[in-house]
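Chains as they are written, first to last, in our numbering: chain Y, 240 to 341; chain Z, 704 to 936.
Check each hint, because a few of them may be wrong.
[Said to hold, decoys possible] Here are the simulated DMTMM-like pairs of lysine to aspartate or glutamate, each with C-alpha atoms no more than 20 Å apart in a straight line:
| no. | chain 1 | residue 1 | chain 2 | residue 2 |
| --- | --- | --- | --- | --- |
| 1 | Y | Lys269 | Y | Glu256 |
| 2 | Y | Lys269 | Y | Asp283 |
| 3 | Z | Lys763 | Y | Asp303 |
| 4 | Z | Lys763 | Y | Asp301 |
| 5 | Z | Lys819 | Y | Asp283 |
| 6 | Y | Lys243 | Y | Glu295 |
| 7 | Y | Lys269 | Y | Asp301 |
| 8 | Z | Lys863 | Y | Asp283 |
| 9 | Z | Lys881 | Z | Asp898 |
| 10 | Y | Lys269 | Y | Asp242 |
| 11 | Z | Lys819 | Y | Glu295 |
| 12 | Z | Lys886 | Z | Glu842 |
| 13 | Y | Lys269 | Y | Glu295 |
| 14 | Z | Lys819 | Z | Glu864 |
| 15 | Z | Lys819 | Y | Glu299 |
| 16 | Y | Lys243 | Y | Asp283 |
| 17 | Z | Lys819 | Y | Asp255 |
| 18 | Z | Lys763 | Y | Glu299 |
| 19 | Z | Lys819 | Y | Asp303 |
| 20 | Z | Lys881 | Z | Glu904 |
| 21 | Y | Lys243 | Y | Asp268 |
| 22 | Z | Lys763 | Z | Asp797 |
| 23 | Y | Lys243 | Y | Glu311 |
| 24 | Z | Lys819 | Y | Asp242 |
| 25 | Z | Lys886 | Z | Asp867 |
| 26 | Z | Lys819 | Z | Asp867 |
| 27 | Y | Lys243 | Y | Glu333 |
| 28 | Y | Lys243 | Y | Asp325 |
| 29 | Z | Lys886 | Z | Glu864 |
| 30 | Z | Lys881 | Z | Glu922 |
| 31 | Z | Lys763 | Y | Glu295 |
| 32 | Z | Lys863 | Z | Asp804 |
| 33 | Z | Lys819 | Z | Asp768 |
| 34 | Y | Lys269 | Y | Asp255 |
| 35 | Z | Lys881 | Z | Glu864 |
| 36 | Z | Lys819 | Y | Glu256 |
[Claimed, not checked] Some chain Y residues flagged as far from chain Z (calculated, every beta-carbon gap over 10 Å):
| no. | residue |
| --- | --- |
| 37 | Lys243 |
| 38 | Gln245 |
| 39 | Ser272 |
| 40 | Ser289 |
Note that these hints are calculated values from the structure, not bench results.
Glycine residues also receive a C-beta, built at the ideal position from the N, C-alpha and C atoms.
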Amino acid sequence: MRDKQQIIESIYRAIDEFNVLVPPPAQLDKSPSTVLFGEHGRLDSLGLVSLILDVEGQVEADFDMSVSLTSERAMSRDTSPFRSIDTLADYISELLDEQQGG
Amino acid sequence: MASPRIVLISGSRRGIGAGLVNYFLALGDTVVGCSRGPSGLSHEQHTHFELDVADEPAVKRMFRDVRQAHGRLDVLVNNAGVASMNHAMLTPVDSARQVLDTNVIGTFLMCREAAKLMRRAGVGRIVNLSTVAVPLRLEGEALYASSKAAVEMLTRVLAKEFSDFGVTVNAVGPSPIKTDLVKGVPPDKMDAIIDQQHIPEWASVNDVANIVEFFARPESRFVTGQVIYLGGF
């Protein structure tokens, strides 16, 4: 079984990959409270696309399950899953649980 | 772009696709083919996947396998396509859906997954196959021409979206070639189409390969969002 911390670690590995490709001002801190997108967010729209792709790839590698983070459901939530690393981890946990029938 | 290039060609079992596989193998590239049936080709730099390009899980699995085997993808050629040559009033909706699924959704899925892989290297070339049926607005090919018009617009929009990742997207529109796709069309119909070309001759697979290879070259990094038709219109 995985816990939320494992998912956060997976996101951190994706951030390592992301940070290699962007200049220092655009790099992300590895903390659950890091604001990703929206007000005070560190990412522009292109950065968000890149991070989502890195996270999807890392989650698939770490948990051997394919997730798509950009469903209509994700986009229509009151609190965006892409607000922070913490909210993103919660959303990924939800998607992985659904795939496992949990 | 490293050498040999890793080139993925869809619809690679027959016709233009099979010709493109041989063309790139002859250049020394490593070629990954895919089509709905098995390939009879045996070559140490060739592998083949059996899949429907509109089947998202199958497409994602193929790209995962390509990433694991090669670590990158340099060139994608979206050649897989189906045609429905019939009067619009005689075209069943199932045929219409199949044309749109393979030609539009399939091309979209392949482009999307390829771009994910290519962006890691910061470079990539995507070449889509269109057709002269688009500029000629050919009667009897309403769905086929419409689907390829969509492919052309995908090409132009994806060229913008993927430019940040160093990925170019272009298209080639072949004029008639003697493949299975046109063997059921009456000769006088084909002659009428060919007569409209500036160069009124049948095209060859090598004519197509020449354009694909031009778009695929590392030196073509500044060429994107373009559609080239063979024969002249």
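Quick rundown of the hints versus the structure:
1. For a cut-off of 20 Å, the pair hint linking Y/Lys269 to Y/Glu256 stands: about 12 Å separates their Cα positions.
2. This hinted pair checks out: Y/Lys269 and Y/Asp283 have alpha carbons roughly 18 Å apart, not beyond 20 Å.
3. About 13 Å separates the Cα atoms of Z/Lys763 and Y/Asp303, which keeps this hinted pair within 20 Å; it holds.
4. For the hint pairing Z/Lys763 with Y/Asp301, the CA-to-CA distance comes to about 16 Å; that is within 20 Å, so the pair holds.
5. With a C-alpha separation of about 18 Å, the suggested pair Z/Lys819 and Y/Asp283 falls inside the 20 Å cut-off, and the hint holds.
6. Taking the CA atoms of Y/Lys243 and Y/Glu295, the gap is near 16 Å; set against the 20 Å cutoff, the hint holds.
7. With a C-alpha separation of about 18 Å, the suggested pairing of Y/Lys269 with Y/Asp301 holds against the 20 Å cut-off.
8. Straight-line distance between C-alpha atoms of Z/Lys863 and Y/Asp283 comes to about 17 Å, which keeps the hinted pair within the 20 Å bound.
9. Taking the CA atoms of Z/Lys881 and Z/Asp898, the gap is about 16 Å. The hint holds against a cut of 20 Å.
10. Note on Y/Lys269 and Y/Asp242: the hinted pairing holds, with a Cα-Cα distance of about 18 Å set against a maximum of 20 Å.
11. Restraint check: the Cα-Cα separation between Z/Lys819 and Y/Glu295 comes to about 10 Å, which is no more than 20 Å; the hinted pair holds.
12. With a C-alpha separation of about 17 Å, the suggested pair Z/Lys886 and Z/Glu842 falls inside the 20 Å cut-off, and the hint holds.
13. Taken as a hint, the Y/Lys269 and Y/Glu295 pair is honoured in the structure, with Cα atoms around 17 Å apart against an allowance of 20 Å.
14. Simply put, Z/Lys819 and Z/Glu864 have alpha-carbon atoms about 12 Å apart, close enough for the 20 Å limit, and the pair holds.
15. At roughly 14 Å between alpha-carbon atoms, Z/Lys819 and Y/Glu299 fall within 20 Å of each other, so this suggested pair holds.
16. At most 20 Å may separate the alpha-carbon atoms for a hinted pair to count; Y/Lys243 and Y/Asp283 exceed this at roughly 26 Å.
17. Taken as a hint, the Z/Lys819 and Y/Asp255 pair is honoured in the structure, with Cα atoms around 17 Å apart against an allowance of 20 Å.
18. Under the criterion of a C-alpha separation no larger than 20 Å, the hint pairing Z/Lys763 with Y/Glu299 is consistent with the structure, at around 11 Å.
19. The hinted pair formed by Z/Lys819 and Y/Asp303 meets the criterion: a straight-line CA distance of about 18 Å does not exceed 20 Å.
20. With a C-alpha separation of about 11 Å, the suggested pair Z/Lys881 and Z/Glu904 falls inside the 20 Å cut-off, and the hint holds.
21. Our distance criterion of 20 Å between C-alpha atoms is met by Y/Lys243 and Y/Asp268, whose separation comes to about 18 Å.
22. For the proposed pair Z/Lys763 and Z/Asp797, the alpha carbon gap of about 25 Å is over 20 Å, so the pair is violated.
23. Between Y/Lys243 and Y/Glu311 the alpha-carbon distance is near 23 Å, which puts this suggested pair outside the 20 Å criterion.
24. Taking the CA atoms of Z/Lys819 and Y/Asp242, the gap is about 27 Å. The hint is violated against a cut of 20 Å.
25. For the hint linking Z/Lys886 to Z/Asp867, the alpha-carbon distance of about 42 Å lies beyond 20 Å, and the restraint is violated.
26. Of the supplied pair hints, the one linking Z/Lys819 and Z/Asp867 holds, its CA atoms being roughly 12 Å apart against a limit of 20 Å.
27. For a cut-off of 20 Å, the pair hint linking Y/Lys243 to Y/Glu333 stands: about 10 Å separates their Cα positions.
28. Simply put, Y/Lys243 and Y/Asp325 have alpha-carbon atoms about 9 Å apart, close enough for the 20 Å limit, and the pair holds.
29. For the suggested pair Z/Lys886 and Z/Glu864, the alpha carbons sit about 37 Å apart, so the restraint of at most 20 Å is broken.
30. Under the criterion of a C-alpha separation no larger than 20 Å, the hint pairing Z/Lys881 with Z/Glu922 is inconsistent with the structure, at around 31 Å.
31. Taking the CA atoms of Z/Lys763 and Y/Glu295, the gap is near 12 Å; set against the 20 Å cutoff, the hint holds.
32. Our distance criterion of 20 Å between C-alpha atoms is broken by Z/Lys863 and Z/Asp804, whose separation comes to about 23 Å.
33. Between Z/Lys819 and Z/Asp768 the CA atoms are separated by roughly 14 Å; this keeps the pair inside 20 Å, and the hint holds.
34. Simply put, Y/Lys269 and Y/Asp255 have alpha-carbon atoms about 9 Å apart, close enough for the 20 Å limit, and the pair holds.
35. Proposed proximity of Z/Lys881 and Z/Glu864 is contradicted: the alpha carbons are some 35 Å apart, above 20 Å.
36. Of the supplied pair hints, the one linking Z/Lys819 and Y/Glu256 holds, its CA atoms being roughly 14 Å apart against a limit of 20 Å.
37. Every beta carbon of chain Z lies more than 10 Å from that of Y/Lys243, the smallest distance being close to 26 Å; the non-interface claim holds.
38. The Cβ of Y/Gln245 sits about 21 Å from the closest Cβ of chain Z, beyond the 10 Å cut-off, so the non-interface label holds.
39. The beta carbon of Y/Ser272 is kept farther than 10 Å from every beta carbon of chain Z, the shortest such distance being approximately 28 Å.
40. Chain Z draws Y/Ser289 into its interface by the beta-carbon criterion, the shortest separation being 7 Å against a cut-off of 10 Å.
In summary, the numbered hints that this structure violates are 16, 22, 23, 24, 25, 29, 30, 32, 35, 40.
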